[in-house]
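Asks: Take a look at the letters that make up each chain.
There are 2 protein chains.
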Amino acid sequence: MAGWGWARAVRGLLLDVSGVLYDSGADGGVPIAGSAEAVRRIKASGLKLQLCTNETQATRENFVRKLRAMGFDVSVAEVTAPAPAACRLLKERGLRPHLLVHDDLIPEFAEIDKTNPNCVVLGDAAENFTYANLNKAFQLLIGMEKPVLISLGKGRYYKETDGLKLDVGAYMKALEYACDIQAEVVGKPAKRFFESALAELGVPPEQAIMIGDDIVSDVGGAQQCGMRALQVRTGKYRPSDENHPEVKPDAYVNNLAEAVDIILQQL
Amino acid sequence: MAGWGWARAVRGLLLDVSGVLYDSGADGGVPIAGSAEAVRRIKASGLKLQLCTNETQATRENFVRKLRAMGFDVSVAEVTAPAPAACRLLKERGLRPHLLVHDDLIPEFAEIDKTNPNCVVLGDAAENFTYANLNKAFQLLIGMEKPVLISLGKGRYYKETDGLKLDVGAYMKALEYACDIQAEVVGKPAKRFFESALAELGVPPEQAIMIGDDIVSDVGGAQQCGMRALQVRTGKYRPSDENHPEVKPDAYVNNLAEAVDIILQQL
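So the sequence lines, in the order shown, correspond to chains L and W.
For what it's worth, numbering that gives the first Met the number 0 labels the leading residue of the first sequence as 0, then goes sequentially.
For what it's worth, numbering that gives the first Met the number 0 labels the leading residue of the second sequence as 0, then goes sequentially.
Isolated chain L (complex conformation) (with noise of 0.2 Å):
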């Protein structure tokens, strides 16, 4: 197929999952025709393989467990979500989080140092978000010579059955206002979230093609890190994408299916 010549040098895939494997929906989600064999596919050629998502509110073993029923062939190795990525984060600098997180998240952070916490990791917390958590999140913050709040993702609102839900990133501003400080972001579109994604899947970026619904997070994230990338024509794929005055997807394909189809022939 004419102007695929790059994916010749691909060795990875990076997937992210929400409107690309299934559509969520009130049952827990419907997969999305042809992507169960696709990733089927993708591993049976050799490629790499990692998923790529901004879930907060389960462990990834949850996760995996949902994904699997729904046929996909895929482990929790294969996942690449904020929780984990926040945790190499902590390690690597020394910090103990106080948590204010989905209770089902928790498990994630199980062999971190949480005492005398020195940071705020904030994910989509739902009904934890009430007046005295984050009341006790601010009062740490604001007593922190140099606060350092770490927030999983920074979406505005997501949809469920009964309407409309704040997201994480409206209370992420709630505390960057109220101490004067700027979040640092954990999960898409943040560079340093692509590159643990990288990192998992053992592929450079010039090796790797990222495959997403979503024209910001998922495409214009991962080419910001030297990475091609596709949309896909499912999930929150709108048309007006394909007019987008910042971000140009390397190539449209209609699903992953698709995608994975003209890669192989690449090969």
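These are computed hints drawn from the structure, not numbers from a lab.
Be careful, since some hints might not be right.
Where chains are identical, the list cannot tell them apart; a pair therefore holds if satisfied intra-copy or between any two copies.
Pairs of lysine-lysine residues, derived as DSS-like cross-links and limited to a Cα-Cα distance of at most 27 Å, are as follows [stated by the list, open to error]:
(1) Lys145 x Lys235
(2) Lys164 x Lys135
(3) Lys247 x Lys47
(4) Lys65 x Lys164
(5) Lys158 x Lys145
(6) Lys135 x Lys235
(7) Lys235 x Lys47
Following the hints, position chain W against chain L.
Replies: Positioned in the frame of chain L, the structure of chain W alone reads:
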């Protein structure tokens, strides 16, 4: 005292309340030493006095009752507060608010039509800042063709006897970010609010002095209005305020009593 020549023209004082007259707290609050006597000396001197507060956790009636119980000789007419100013604005523009405010403030809005809301009024709701209540306000705003968010102040935090607490400004920022809108602020440091307080004081800005503990809301806001402004080293004052990159008070004083001592010496 050197450098206070400008105080000779003073005819009226605007006083912030929390952090200047008393330190607030779950226990009701504790008067700051010398402040009740300072208020009496202001009145005895013939200077006019108006309290200019962003207090939104009580009606003015209850607020004044609390201050009088602490020994302050003040009346309801001497209090300029955001809720009555917001009510004027709502009436002028035919707005019907959804209220996310402290329970004790609700009577201030008794005469306002709140059916089928076409704006959100945000106050320091404290324990009412639940995840559910913030989502409700967000859902109403995001569902409006032209979202109108009126915030009773934009303070970052305030000091209570058991520690610092997030103020309304932090929640305002969360909603602004989630909805991609700008709130309209009623209360300090809005110019219009200071102008209301000056009108109630009955003194032009060049003959008024603002005394507060907040370098931005009190000092910066009053100076923007053409007033002189002093920062007290009580309440939420922090030594780092003295290096603020944008706002410089006309003078620092240790507390209200010292401010009144010096001002009365100039007359």
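Asks: With reference to the structure, classify each hint as holding or not holding.
Replies: Results of checking the hints against the structure:
1. Lys145 x Lys235: between (36 Å within a copy, 19 Å between copies)
2. Lys164 x Lys135: Answer is both; intra-copy 22 Å and inter-copy 9 Å each pass.
3. Lys247 x Lys47: For Lys247 and Lys47, the Cα distance is within 27 Å only inside one copy (25 Å; across copies 59 Å).
4. Lys65 x Lys164: Cα proximity of Lys65 and Lys164: one copy only (20 Å, versus 38 Å across).
5. Lys158 x Lys145: So Lys158 and Lys145 pass the 27 Å test across copies only (20 Å; inside, 35 Å).
6. Lys135 x Lys235: between (31 Å within a copy, 18 Å between copies)
7. Lys235 x Lys47: Within one copy, since 25 Å is at most 27 Å while 55 Å is not.
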